[in-house]
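Between the sequences and the hints, there should be enough to build the whole structure, so can you do that?
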Amino acid sequence: GAGVSQTPSNKVTEKGKYVELRCDPISGHTALYWYRQSLGQGPEFLIYFQGTGAADDSGLPNDRFFAVRPEGSVSTLKIQRTERGDSAVYLCASSLKPQGGAGANVLTFGAGSRLTVL
Amino acid sequence: GIQVEQSPPDLILQEGANSTLRCNFSDSVNNLQWFHQNPWGQLINLFYIPSGTKQNGRLSATTVATERYSLLYISSSQTTDSGVYFCAVEDMDSNYQLIWGAGTKLIIKP
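Just so you know, the sequences run in chain order A and B. Counting along the first sequence from 1, when you hit position 50 you're at 50 in the working numbering, and nothing is skipped either side. Adding 118 to a residue's 1-based position in the second sequence gives its number in the working numbering.
None of these hints come from the bench; they were simulated from the model. Using N, Cα and C, we set each Cβ at its ideal position, and we do this for glycine too. Certain hints may be false.
A short list of chain B residues far from chain A (calculated; beta carbon distances all over 12 angstroms) [claimed, not checked]:
| hint | residue |
| --- | --- |
| 1 | Q132 |
| 2 | N156 |
| 3 | Y191 |
The calculated label-pair distances, taken between Cβ atoms and stated as ranges, are [stated by the list, open to error]:
| hint | chain 1 | residue 1 | chain 2 | residue 2 | range |
| --- | --- | --- | --- | --- | --- |
| 4 | A | Q80 | B | N174 | 28 to 36 angstroms |
| 5 | B | S146 | A | V12 | 39 to 47 angstroms |
| 6 | A | A2 | B | N142 | 30 to 38 angstroms |
| 7 | A | G28 | B | K172 | 22 to 30 angstroms |
| 8 | B | G170 | A | K17 | 45 to 53 angstroms |
| 9 | A | S87 | B | E133 | 31 to 39 angstroms |
| 10 | A | A104 | B | T198 | 22 to 30 angstroms |
| 11 | B | G170 | A | G3 | 24 to 32 angstroms |
| 12 | B | G119 | A | A104 | 34 to 42 angstroms |
In structure tokens, the structure reads:
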């Protein structure tokens with residue numbers, strides 16, 4: 001598509017429930033990123049995919065968080081046993097990052113998925 | 119890890135005014151981007167500027183990599199410029215993870 005698409009735009013759930021957040025990146029973008037933004041703060045890195053593989057998942061806060069990108073395009077962020085502290089806006093971005101790291105890496109962000117855990 | 123500081127944290131201006139936003143970073147960077155987050159939360163990339171100067175309409179940016187700072191200039195402000203401006207950098211050791219400043223919240227009054 002023309003931009004990065006994220007669904008749902010808003011998700012309200014109860015503590016302890018499981019949620020999935022979806023990201024559809026710009027067509028042809030090999031790199032995909034998940035960030036989390038709490039109110040009044042800058043985004044915080046969660047995970048980076050290059051193609052199908054998670055190149056760096058060091059930002060995932062704990063093992064309740066998991067993300068996949070099985071075909072190298074759409075990605076799903078999965079949160080198990082949600083807690084109130086997981087409430088935030090989850091942002092997805094994609095880029096044409098060249099393999100090997102050289103060159104400009106300009107990220108394009110989606111509109112985000114606002115998660116509220118009651 | 120690398121630290122990113124933005125100033126001022128808040129800025130309130132009348133329409134038509136000019137402004138300068140600053141981003142300081144604590145180490146050498148591969149990548150520096152300025153973003154505008156509108157009141158609906160959408161992050162829009164303004165500039166990719168690890169060094170040098172770029173201009174796009176009423177906006178321009180300058181990064182002095184040797185002195186570890188970047189400036190974003192907004193001229194003839196409009197109410198649609200309101201929102202939060204973020205500086206984000208990618209350090210030399212991690213060439214894909216952006217580290218973000220806390221942002222400058224800009225309010226343009228009509």
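Hint by hint, here is what the structure shows:
no. : hint                                   : verdict
1   : Q132                                   : holds, 25 angstroms
2   : N156                                   : violated, 10 angstroms
3   : Y191                                   : holds, 20 angstroms
4   : A:Q80 with B:N174: 28 to 36 angstroms  : violated, 43 angstroms
5   : B:S146 with A:V12: 39 to 47 angstroms  : holds, 43 angstroms
6   : A:A2 with B:N142: 30 to 38 angstroms   : holds, 35 angstroms
7   : A:G28 with B:K172: 22 to 30 angstroms  : holds, 24 angstroms
8   : B:G170 with A:K17: 45 to 53 angstroms  : holds, 48 angstroms
9   : A:S87 with B:E133: 31 to 39 angstroms  : holds, 35 angstroms
10  : A:A104 with B:T198: 22 to 30 angstroms : holds, 27 angstroms
11  : B:G170 with A:G3: 24 to 32 angstroms   : holds, 27 angstroms
12  : B:G119 with A:A104: 34 to 42 angstroms : violated, 22 angstroms
The structure shown violates the earlier hints numbered 2, 4, 12.
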